[in-house]
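Undergrad: Sequence:
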Amino acid sequence: MTSSIGQSIEVLCNEQGIDRDLVIEAMKEAVKAAARKQFKAHDKVGDSIQVEWNNEESLIEIAVQKTVVEEVENPSAELSLAEAQEMAGDEIEVGDALLIPLPQEEMGRIAAQTAKQILVQKVREAIREKVYDEYVDRIGTLINGVVKRFERGDLIMDLGNNLEAIIERKELSRGESWNQGERIRAVIIDVSKEPRGQQIRASRASAELLKKLFEMEVPEIYDETVVIKSAVREPGDRAKIAVTSNEKDVDPVGACVGMKGSRVQNIIKELRGEKIDIIEWSDEPSVFAANALSPAKVSQVRITDINERKMDVIVGEDQLSLAIGKKGQNVRLAARLVGWDIKIVSEDVLKKAVALEMGRMMASGEAVPVTALEGVTSSQAEVLAEKGITDVETLAATSVDDLVDFLDVSLDEAETILASAQQIVEARNREVEGVSEDDASEGVFAEEADAAGEVEAEAEEASPDEDANVSEEESEKPAASEDDSEGESAA
Numbered sequence: 002m003t004s005s006i007g008q009s010i011e012v013l014c015n016e017q018g019i020d021r022d023l024v025i026e027a028m029k030e031a032v033k034a035a036a037r038k039q040f041k042a043h044d045k046v047g048d049s050i051q052v053e054w055n056n057e058e059s060l061i062e063i064a065v066q067k068t069v070v071e072e073v074e075n076p077s078a079e080l081s082l083a084e085a086q087e088m089a090g091d092e093i094e095v096g097d098a099l100l101i102p103l104p105q106e107e108m109g110r111i112a113a114q115t116a117k118q119i120l121v122q123k124v125r126e127a128i129r130e131k132v133y134d135e136y137v138d139r140i141g142t143l144i145n146g147v148v149k150r151f152e153r154g155d156l157i158m159d160l161g162n163n164l165e166a167i168i169e170r171k172e173l174s175r176g177e178s179w180n181q182g183e184r185i186r187a188v189i190i191d192v193s194k195e196p197r198g199q200q201i202r203a204s205r206a207s208a209e210l211l212k213k214l215f216e217m218e219v220p221e222i223y224d225e226t227v228v229i230k231s232a233v234r235e236p237g238d239r240a241k242i243a244v245t246s247n248e249k250d251v252d253p254v255g256a257c258v259g260m261k262g263s264r265v266q267n268i269i270k271e272l273r274g275e276k277i278d279i280i281e282w283s284d285e286p287s288v289f290a291a292n293a294l295s296p297a298k299v300s301q302v303r304i305t306d307i308n309e310r311k312m313d314v315i316v317g318e319d320q321l322s323l324a325i326g327k328k329g330q331n332v333r334l335a336a337r338l339v340g341w342d343i344k345i346v347s348e349d350v351l352k353k354a355v356a357l358e359m360g361r362m363m364a365s366g367e368a369v370p371v372t373a374l375e376g377v378t379s380s381q382a383e384v385l386a387e388k389g390i391t392d393v394e395t396l397a398a399t400s401v402d403d404l405v406d407f408l409d410v411s412l413d414e415a416e417t418i419l420a421s422a423q424q425i426v427e428a429r430n431r432e433v434e435g436v437s438e439d440d441a442s443e444g445v446f447a448e449e450a451d452a453a454g455e456v457e458a459e460a461e462e463a464s465p466d467e468d469a470n471v472s473e474e475e476s477e478k479p480a481a482s483e484d485d486s487e488g489e490s491a492a
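Under the numbering used here, think of the first position of the sequence shown as 2, with each following residue one higher.
No lab work stands behind these hints: they were computed from the structure.
Wrong hints could be hidden among the right ones.
[To be verified] Below 30 Å or equal to it, Euclidean Cα-Cα: the simulated DSS-like pairs (lysine-lysine) are: (1) Lys230 <-> Lys213; (2) Lys149 <-> Lys230; (3) Lys149 <-> Lys194; (4) Lys117 <-> Lys131; (5) Lys298 <-> Lys388; (6) Lys123 <-> Lys149; (7) Lys230 <-> Lys212; (8) Lys249 <-> Lys276; (9) Lys298 <-> Lys344; (10) Lys298 <-> Lys212; (11) Lys230 <-> Lys117; (12) Lys276 <-> Lys171; (13) Lys328 <-> Lys276; (14) Lys131 <-> Lys213.
Please read all numbers here as calculations on a predicted model, not as lab measurements.
Modelling step: build the complete structure from the supplied sequences, incorporating the hints.
TA: Printed below as a string of structure tokens:
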């Protein structure tokens, strides 16, 4: 061992950024372990062998500690008074302890190899501890790197300074393709202390990546003028993010979209074309759910069970496939974003069910007033009563032209009112003719199934293959643009 050890320590500390004292302690431990094997004759146990670092000469010094006694019984740990005085002078007395240098030249190749292995292990542990301390508080933050290699489908990214991170196959976004040497950005999801494998685990599929990208692109989010409330993704396909503003004069959706969509387009480009819906958050669940189903237009939201967090969302027939989305994707993402179980119900199916119930009431002898019809106001009911039309059955027998004259409404409105009345009368007739209640219900639900009128999505649902049976042609209607639908940006 020469003074070049000191230079090697300095180089190692500079390259790895680890503490010099830590390296020296590791080296002392390694040399001591090797010396115990080499100098068993001096100390079978090895407890009395000591290793020190000479800072002035940058050398390792190995010595064995022995106690001065009158009569030596244990040569490996004791030294006679005469020998001690000969080595250190007459002032040595019985009971003193002496450090006797050991010849380092006697440490052979095996001892040196042992010392090297232990030193490498200790230094590696120190580096991993340093990486852990540096990155454990950065979980959830973005890191930039370069694609270094691929291992069994996992992507290894080079972070620089001999540091690597791993993106497991399941954390890669579907449809993404990477080549060695490409720049890549990911979010840290875990930092490990395990002795094997990469310490830093990152993700390209996490919703945190979406949040951090918006934080980088939108200054209003960075300074907390605009706040991200929640975000969900089906990586590589579609994402939804809910935002709100802390200032009344700042539009949170417009801030995220940017001038001509510049901000959101940069994020879409980073996510390799993943579509993003930007939703305005509301503390009212029904309003939030209606916004979350964008680009579909919602007619009505009914909270069915506030404790179980369940709601029915009613949409028009023309909005049904848009609300459900491809293979139920839109309603599934909306349910996860809002945190409620959402059931999509067609307006037409709901009207048929209401008509069926009113028909049963009429069949049982109860009169159904015209105000029970959707679209008929109290004032209009009074006008109809003056014309002798007081119940639904009488209204159903009225002509469209007469209804237009009586109520002063458009032809379309009159046809809608008349169709509702006739539907109720038809339901009454089925009951009177002896069609059983179960058969009538089955007829309604059969129509409902044919129209794909009801789809339910749970807030925790994550499987895209277990949703409504909706044709891809209907479900793949283009999402509304930023100009067509406020609170939504789809690319």
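Undergrad: So, for every hint listed, does it hold in this structure?
TA: Evaluation of the provided hints:
Only pairs whose Cα atoms come within 30 Å are accepted, and Lys230 paired with Lys213 is accepted, the gap being roughly 13 Å. Straight-line distance between C-alpha atoms of Lys149 and Lys230 comes to about 35 Å, which puts the hinted pair past the 30 Å bound. With a C-alpha separation of about 22 Å, the suggested pair Lys149 and Lys194 falls inside the 30 Å cut-off, and the hint holds. With a C-alpha separation of about 21 Å, the suggested pairing of Lys117 with Lys131 holds against the 30 Å cut-off.
This hinted pair does not check out: Lys298 and Lys388 have alpha carbons roughly 37 Å apart, beyond 30 Å. In summary, the hint linking Lys123 to Lys149 is supported, as the alpha carbons are separated by about 26 Å, within the 30 Å threshold. At most 30 Å may separate the alpha-carbon atoms for a hinted pair to count; Lys230 and Lys212 meet this at roughly 10 Å. Restraint check for Lys249 and Lys276: satisfied, since their Cα atoms lie roughly 28 Å apart, inside the 30 Å limit.
At roughly 15 Å between alpha-carbon atoms, Lys298 and Lys344 fall within 30 Å of each other, so this suggested pair holds. Only pairs whose Cα atoms come within 30 Å are accepted, and Lys298 paired with Lys212 is accepted, the gap being roughly 26 Å. Between Lys230 and Lys117, the direct Cα distance comes to roughly 53 Å. Violation of the 30 Å bound is thereby established for this hinted pair. A C-alpha spacing of about 20 Å is found between Lys276 and Lys171, which places the hinted pair at or below 30 Å, so the restraint holds.
Note on Lys328 and Lys276: the hinted pairing holds, with a Cα-Cα distance of about 16 Å set against a maximum of 30 Å. Between Lys131 and Lys213 the alpha-carbon distance is near 25 Å, which keeps this suggested pair within the 30 Å criterion.
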